[in-house]
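Since chain P is already given, all that's left is putting chain R on it; use the hints.
The listed protein sequences correspond, in order, to chains P and R.
Under full-length UniProt numbering, the first residue of the first sequence is numbered 1, with each subsequent residue one higher.
Under full-length UniProt numbering, the first residue of the second sequence is numbered 1, with each subsequent residue one higher.
By construction, these hints were calculated from the structure, which means they are not laboratory data.
Honestly, I wouldn't trust all of these hints.
Any copy, or any two copies together, can satisfy a pair, since identical chains are not distinguished.
The list that follows gives simulated cross-link-like pairs (lysine to any residue, SDA-like), each with its CA atoms no further than 20 Å apart [unchecked claim]:
#, residue 1, residue 2
1, LYS226, HIS207
2, LYS226, PRO93
3, LYS226, ARG96
4, LYS76, PRO108
5, LYS76, ARG13
6, LYS166, PRO93
There are 2 protein chains.
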Amino acid sequence: MRGAVLHGPGDVRVEERADARIVLPTDAVIRLSATCVCGSDLWPYRGIEAVSGPSPMGHEYVGVVQEVGSEVRNVKPGQFVVGSFFASDNTCPICRAGYQSSCVEREPVGGLGAQAEYLRVPLADGTLVATPELPPDDLVPDLLAASDVLGTGWFGAVAAQVGPGKTVAVVGDGAVGLLAVLAARHFGAERIIAVSRHEPRQKLAAHYGATHIVTERGDEGVARIKDLTDGLGAHSVIEAVGTQESMMQAIRSTRAGGHVGYVGVAHGVELPGEELFFSHVHLHGGPAPVRRFLPELIDLICRREIDPGRVFDLALPLEQAAEGYRAMDERRAIKVLLNP
Amino acid sequence: MRGAVLHGPGDVRVEERADARIVLPTDAVIRLSATCVCGSDLWPYRGIEAVSGPSPMGHEYVGVVQEVGSEVRNVKPGQFVVGSFFASDNTCPICRAGYQSSCVEREPVGGLGAQAEYLRVPLADGTLVATPELPPDDLVPDLLAASDVLGTGWFGAVAAQVGPGKTVAVVGDGAVGLLAVLAARHFGAERIIAVSRHEPRQKLAAHYGATHIVTERGDEGVARIKDLTDGLGAHSVIEAVGTQESMMQAIRSTRAGGHVGYVGVAHGVELPGEELFFSHVHLHGGPAPVRRFLPELIDLICRREIDPGRVFDLALPLEQAAEGYRAMDERRAIKVLLNP
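Isolated chain P (complex conformation):
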């Protein structure tokens, strides 16, 4: 089968890979309807995260079940399914508490390479959620967004305890940040401040429900958010970048007693304990337990109540994955969908 492989910084190639097949009786193999490039794929692409040898890429996927292992009960061949970037059994105490991305049996899907024609999904019963029926083609990008970026933005909003009457700020205007805006509106936020300096992203943020745009970063951005909140800071701040600057901007933009939901994968971040102590904020985040939200997200998408697929502003054939990486690296595209 064909699949994208990272050979070194800036060097993504679509080439022949071994066919995905059932290895364990709890596996499923799906034929991908669509896949995509994630902001987190850019860390190794840019050489910031080391890779040891050629690495199959991709961890976002939707598709049709081709084959299931002998112990799989919840999905069957022919169904359209959505999964996420950690396979999980969905039965352990951590999963039952809603933290499937820390499942005691979890397996990263990234290593299996979802930017391909087919994908082996471990722990299929716990990991995959089927749509009620085969979705029309125009909903496929929305369902693909649910696989990671929508579920991650959603978790950011849940972790930040977004709710009616609250002022919410979102730090980061990538696909996750934009979909955190969508989630904040869904949860009834009164005001949603998007931090963005890129006009096309500001427009999409406004489409998703942002009521205010702040273009400043760092302490200037903090000051602007305080200006908008009687000097107190926002009730809820969603961090969707993962750098020292963005984390500190998020913490400092939050009022005492407020909530920071952080979902940008932290790189080189060190939080000063004393400042955090006196900030009085709640801090929660991490790799989003997307599985927790998938049934609700699929339902909202199938009823066309949300349109997260608009974050895909470039679609390419899988064979042109290298161009997709370039477009995201150069910020020419928010998020690139790949058609196998």
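Then chain R, alone, in the frame of chain P:
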């Protein structure tokens, strides 16, 4: 009036200070019934926190109102009152959200010096809570504990979302940690693991409701707590020390999706962002908004349902404050009560 003053590391003297008096119309002056030495007083006493010149000490207090300013409405002379270490207006949006120790008008009481015969309390209406009647002498230590260490341990348990059916660990066996055990039992925790290597403190922890004692610190302590929790970690962990080691022990002892409540004043702590991200814990804490809890704590004490005053294992006349500091510094006493 007489009061304790820190002149330099290890040098506490009880000497004549200017009388406490009404400065602002929102002030009250109270005659102290009892005061005490706090673990946080040891930071400047040990020279770890710098002081600029002679500093009046103490921020824990109960006593009888002597005089009130012209705008004070909620307390009156003759009442027995309890306050906490930050004066707060109790009306601003931050106070109304329950974070009185981050009140927009807050004033630290520490600078006013509560280890004395009299104390000026700013923002008296927002800060002080009167008991229903003058308490009997034997309840005074319990009420004094409510002023800081009980309220702080209580906040730790609330921040760690302690509740029925949960396994709770408490890192730190000072007065705050021990009273966090008391709070955890009050909130219905199923198992309470106290981290302590000091036998008298272990006994008091058991009296307050600890079901397990762990003597190991750092990663060994983490391993012991994981052993007790099917390898998952505790649901709720209360951190009551404030060092890098204790914070990391608390975070690593918490299961994914669990809650760390941290109330030890952070000194030199840097939290590694990536580890925190993948830990999936909730983190909340800071200077305890004791005012939020005072009405409930006073009620529980007056009905003799809790006995937090047992943390005072040494009582001295105010004039012997220096010996009180020495006893706590050398860990000969858990907490020292001073009688003015």
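Okay, the hints, checked on the actual structure:
When the C-alpha separation of LYS226 and HIS207 is checked against a cutoff of 20 Å, the pair qualifies neither within a copy, at 24 Å, nor between copies, at 46 Å. In the homo-oligomer, the alpha carbons of LYS226 and PRO93 lie at most 20 Å apart only across protomers (14 Å), although the nearest pairing inside one protomer, at 40 Å, exceeds that limit. In this assembly of identical chains, the alpha carbons of LYS226 and ARG96 lie at most 20 Å apart only when taken from different copies (19 Å versus 38 Å within one copy). Proximity of LYS76 to PRO108 under the C-alpha cut-off of 20 Å is found in neither arrangement, the shortest distances being 22 Å within a copy and 64 Å between copies.
In the homo-oligomer, the alpha carbons of LYS76 and ARG13 never lie at most 20 Å apart, since the shortest distance is 32 Å inside one protomer and 79 Å across protomers. For the identical chains of this complex, LYS166 and PRO93 are inter-copy neighbours only, at 13 Å across copies versus 32 Å inside a copy, given an alpha-carbon limit of 20 Å.
Of the numbered hints listed earlier, those contradicted by the structure are 1, 4, 5.
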